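Trainee: The residues making up each chain are set out below.
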Amino acid sequence: MSNDTVAALHFRNTGSKGCVRPHRIALVCVGMLLVVSAIWLMQWDWVPKYSSAIAYGVWLTLVMLVVSCGLGFVLSVPIGLVQVAGPWPLARLARSYSNIIRGTPLLLQLWIIYYGLGSVLPRYPGIRGSVLWPYIREAWPYALVALVVSFSAYAGEVMRGAFAGVPRGELEAGRAFGMSRWTVFRRIWFPRAVSRVLPTLGGETVLMLKGIPLVATITVPDLYGVFSKVRQETFIIYEPLLLLALIYCCLTGIIVGLFRFFESKTPARH
Amino acid sequence: MNDKTDAIQVSEIRKSFGSIEVLKGISLSAREGDVVAVIGGSGSGKSTLLRCINMLELPNSGSVTIQGETIAMQDDGAGGIVPADRKQIERMRSRLAMVFQSFNLWQHMTVLENVIEAPIHVLGVKRDEAIFRAEELLRRVGLYEKRASYPAYLSGGQQQRAAIARALAVKPYAMLFDEPTSALDPELVGEVLMVIGDLVKEKRTMILVTHEMKFARNVASHVVFLANGNIVEQGPPEQIFEAPETDQLKRFISSIH
Amino acid sequence: MNDKTDAIQVSEIRKSFGSIEVLKGISLSAREGDVVAVIGGSGSGKSTLLRCINMLELPNSGSVTIQGETIAMQDDGAGGIVPADRKQIERMRSRLAMVFQSFNLWQHMTVLENVIEAPIHVLGVKRDEAIFRAEELLRRVGLYEKRASYPAYLSGGQQQRAAIARALAVKPYAMLFDEPTSALDPELVGEVLMVIGDLVKEKRTMILVTHEMKFARNVASHVVFLANGNIVEQGPPEQIFEAPETDQLKRFISSIH
Amino acid sequence: ASAEQVHVGFAAEPYPPFSSPDASGNWSGWEVEFMNAMCDAAKLDCVITPIAWDGIIPALTGGKIDMIVGSMTITKERKKSIDFSDKYYSAPPGIVGAKDLKFDATPGTLAGKVIGVQVGSIHYAYAHKHYEPAGATIRDYPTQDEANNDLLAGRIDATEMDRIAISTFLKTEQGAACCELKGMVEFDPEVLGEGVGVGLRKGDKELKSKVNAAIAEIRKNGTYDALSKKYFDFDIYGG
Amino acid sequence: MADVGVFSWSLLAFQPPGWGGVLLAGFAQTVQIAIGGYLLGLILGLGGAIGKLYGGPVARDLLEVYTTLVRAVPELVLMLILFYGGTDVLNKLSALAGYGSINVNGLAAGIFVIGVVLGAYATEIMRAAIQAVHFGQIEAARAYGMSPGLIIRRITLPAMLPHAIPGLSNLWLTAIKSTSLLAVVGFTELMLVTRQAAGATKAYMLFFLAAGVLYMLITHVSNFLIGLLERHYSRGIVGAAK
Ligand SMILES: Nc1ncnc2c1ncn2[C@@H]1O[C@H](COP(=O)(O)OP(=O)(O)OP(=O)(O)O)[C@@H](O)[C@H]1O
Ligand SMILES: Nc1ncnc2c1ncn2[C@@H]1O[C@H](COP(=O)(O)OP(=O)(O)OP(=O)(O)O)[C@@H](O)[C@H]1O
Ligand SMILES: [Mg+2]
Ligand SMILES: [Mg+2]
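Chains as they are written, first to last, in the numbering used here: chain A, 1 to 270; chain B, 1 to 257; chain C, 1 to 257; chain D, 1 to 239; chain E, 1 to 242.
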């Protein structure tokens, strides 16, 4: 470690991105070796049998991800905004909401909503006969509610920082041109805030993806559920977990790639 | 000179932050085509005055009249005043264009988008037309080549020129400049002053806070010297710079080079 | 004058960034007590030259001698050179004190802590003694009252003065100043120039990159004009400012006010 | 030397009347007493180690525990990864459902119904094999307890569990109020297996023979019947 | 069924048959694992960050693989892999070395798993924080002849702290919450005892809410302490500490 690497790192950042440097080749070889030996030495005969179940699990996980992040984000905007610019009772409310949700594990929230609330609800007379009953008795609505609530709290915190971080001067410039409050919000505050925190939101989305397996504990058969089924039925211990990890890596890669794409559409910060 | 109407009239503006009174009853008027230069030490309240004129800062008392129309204010019930009609304020502001010391360009828009934003979304100009005019303005301030760049990639001087183009795009009735060159490298000051000099030749009404005394002297039709929230002296530039009356102004002028 | 030894001697320094050659073989020497002012347009390589002198930037070729001791370099096997002995470089650097354009004060330390840091941790001075000396220095630059403040709470001029005190605290053999006033408000420039002027009176060896021509002229014993990575002209200030020979220098001098 | 320590894996979730922890952290239930008797007979120093059911087999193969006493049925599939002792009880499974719904344990009548089962149990395997193809929806619960709870709440129509668990459930006030035994399922040896045995690491021959000997001994000397009487009014060992 | 909506608070008594004592014991376990895992994560993170910034190319690539993988795979899956796979590998190794199977202490295993997961996040947080330190400050240190080790110790680390504290404090809250996942591998922490208590007494809502209160308690106390820390370490940063 020389002085000058320190300097070079700060200046060059990621100047040379060559994948063909010798040590990379060696690393890739080691990696390939691991993969090949995993394929050879481990047991993969169960994969074809479950492939359609896995595909369905991926689809279900993605649907839950998109819906919960989408709705959660929509909720997060007012949650973040009122904390920055809202009247204090609303700001307090949003603050407590965000603190409570972020202060307790998602697993606990899922259980409270499904086993706790869900077992209290049916005891109210009339509910079983209502048109909503077919949904209330399913597990996925509870999962979705818990995920949306969770995402809205985390993203709300991100958006709070984002709104607060937009330089006041730019908002004032908007007002100085006679923009109405709504126009300032729509044209400047919101897009500017979002463009600043796209990477962070990307990170939150990955976290959400990784939180989804917990819904398997309330009987929603997501991707993780499919694999625990595989494990229970075949009694193969590690192989399903490894494949599952691989699939999650791919999904994460896709999410990260998507956010990179959006980021490239917005101007850099520096 | 008396046949010109008052473009901007500020009367008895007072403004406190907490217990500190920053403006202690300032009155000021600029007729059409006037260039009023506001000078004064750091912290004397120059920026605050400018910001009170377009109500980015609400004065505690006093009134502002633009082009004969007084901004309606009402008591806020706590000893201060608040605008009575937000729509009026928005309309007024769209007639005054402000150029900030720190540019305040919208970082998420290209230079061109910055310039067409207010015409389209405030004045309701059609997009094509706004672009046409914006390109003309950018050519004029020498930024046509940079129209597709984001502000972060421009030098300070270029950013300031973009901010001026953005201000001009709303065809403002009057312009407010807050130290348009103080955030710039000495080498970039020149180009911005040149652009402002052009505007002066066009006889645009302007209120200009500046540290560049030489420039103020050359372009201003009227100079106002602010100290401790009061107008200590005002008059034509020759008088202010060559025959300062008060000690305060004399000290101030000698301290600047 | 010839009996003075060479304090800093730079010979045939070349430096490229990628394919652009920024310094094209610069030689320069400062004798003890000399004040060398380096002037030149933006991008002419002034900062790079200064940074090469204390090896913050590694030159591609050439050598630097401080107080008679040449910094040992060796081939890096890729056509460039690298320091042969890191300890030597660290020792050399502790004799040269650099004052940066952007101050570069350590933000997590108070002014006093900034000033005592290098004496204690590089020179091994005892804490009490370092504090004693630091307070003296801070008094001298007029910052004694601010010794317990963090840099972020100081004005630009105060920060620059703190940076100068920090540099003086290592009892440097020579000082390198990189545009010590260009990041400052016009009003703050004065106070920093005054402190530097004091150092000049003490006959401290200095290399000074500056945009303040008037100042350069008053304090420098020798002026070097850089353009495109070459020394285009050098000599005593009177000659450089009053009788420039090359067109380039003439143009440069006329462009600065 | 005195007896060596043996870590006995118990499913961490309560499974009355076989095993459930109380507030002081003591485990009680038929299976706990059985284990104690067995360990005494085999002269083993047994320590209860609760492990989530989901991970109990990896815990065994990974050496965290040395045997599983967790009402684990001996099945062909499981035998691929672990060994079993001889059986120590068996209980045929049945279907419990809400009183106001009409169906029995045959796949045809369960079409369109929602059946809850515990992940990884034989009931889980059975339901997925026989009821799902017939048109029933299977919901997988981490524990039987939660499935029962959802049955009470009306969120599932039925659950499959073994006869002993059924009788315990139907003895509770809420269980009796809402549900009834709809019928015993048709036997399928492939998934329903050969009774419940102690799970052992593959190749752990020594422990296996000790356990088998101990089970035989407590059955012979009456200890087994004595402790079973406290919990059940029928022969839990089965035929 | 009679007591719908009415909690029987006696279930929370500290002495059995109340479950309060069990809950608190689980809570203590949770806090222990969280602290242990967090400290391990910090150590890994600091090493990782320095390795990533200043290490050789191989070290940098390996660290990149570590942080990417760990951050891409759900904690639940990682825990299963590490918890079972880890002890499996350990046993095999010790068997190779001739020690026979060793029994891994559950607490140590939990701390290890949490630490490895948190380490990946801590690496990224600290790396970003180090990079956020204005380069001029490091350059100034070099200009005064400081050696690289001295620079890291005296300038980089303390200057980075204010940038790292927000991320690291979030990570601490994550640490507490992710202990709940150990319930899935049967670790007797707060979540698992909650579930046992709820299952045994059927008072689901009561125990879930009680657990929620305990989690809130610790996050609140943590937030308060973090606030103090932050104020202390962001001296010198304008507008940092409110
Ligand atoms: N939002 C605010 N809250 C509190 N005090 C303020 C605020 N804005 C300005 N001030 C104070 O009001 C005084 C005048 O500020 P103002 O910015 O108008 O000065 P200025 O003349 O523009 O100075 P400069 O030349 O340094 O820009 C200063 O003392 C400043 O600290
Ligand atoms: N690390 C670097 N990588 C690439 N190019 C660089 C680097 N540092 C400086 N340069 C380039 O070298 C040239 C000289 O830079 P230098 O900073 O020495 O100029 P300068 O004379 O100090 O200018 P100024 O007066 O604007 O500070 C410039 O064109 C600059 O873009
Ligand atoms: Mg101002
Ligand atoms: Mg420079």
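Since the hints were made in silico from the structure, they are not lab data.
Since we're looking at a predicted model, the values are computed, not measured.
No residue lacks a Cβ here, since even glycine has one placed at the ideal position from N, Cα and C.
Be a bit skeptical, because a hint or two may be false.
[Claimed, not checked] In silico DSSO-like pairs for lysine-lysine, Cα to Cα no more than 27 Å straight-line:
1. 210(D) to 229(D)
2. 202(E) to 230(D)
3. 113(D) to 202(E)
4. 202(E) to 210(D)
5. 92(E) to 171(D)
6. 49(A) to 230(D)
7. 214(B) to 265(A)
8. 87(D) to 220(D)
9. 92(E) to 202(D)
10. 92(E) to 99(D)
11. 229(D) to 87(D)
12. 208(D) to 92(E)
13. 171(B) to 203(B)
14. 80(D) to 49(A)
15. 220(D) to 49(A)
16. 214(C) to 214(B)
17. 230(D) to 76(D)
[Claimed, not checked] Computed Cβ-Cβ distance ranges for the label pairs, DEER-style:
18. 39(A) to 209(D): 34 to 44 Å
19. 32(A) to 70(C): 33 to 43 Å
20. 70(C) to 265(A): 12 to 22 Å
21. 187(D) to 53(A): 50 to 60 Å
22. 265(A) to 17(C): 58 to 68 Å
23. 24(C) to 265(A): 15 to 25 Å
24. 135(D) to 39(A): 48 to 58 Å
25. 19(B) to 66(A): 25 to 35 Å
26. 186(D) to 98(E): 45 to 55 Å
27. 74(C) to 26(A): 44 to 54 Å
[As the list claims (entries may be wrong)] Which stretches of chain E does chain C cover? Using the computed rule of at least three CB atoms under 8 Å from a CB of chain C, they are:
28. 35-48
29. 72-86
30. 155-165
Trainee: For a quick check of understanding: which of the numbered hints are violated here, in increasing order?
Mentor: 4, 5, 6, 7, 10, 15, 17, 19, 20, 21, 22, 23, 24, 25, 27, 28 and 29
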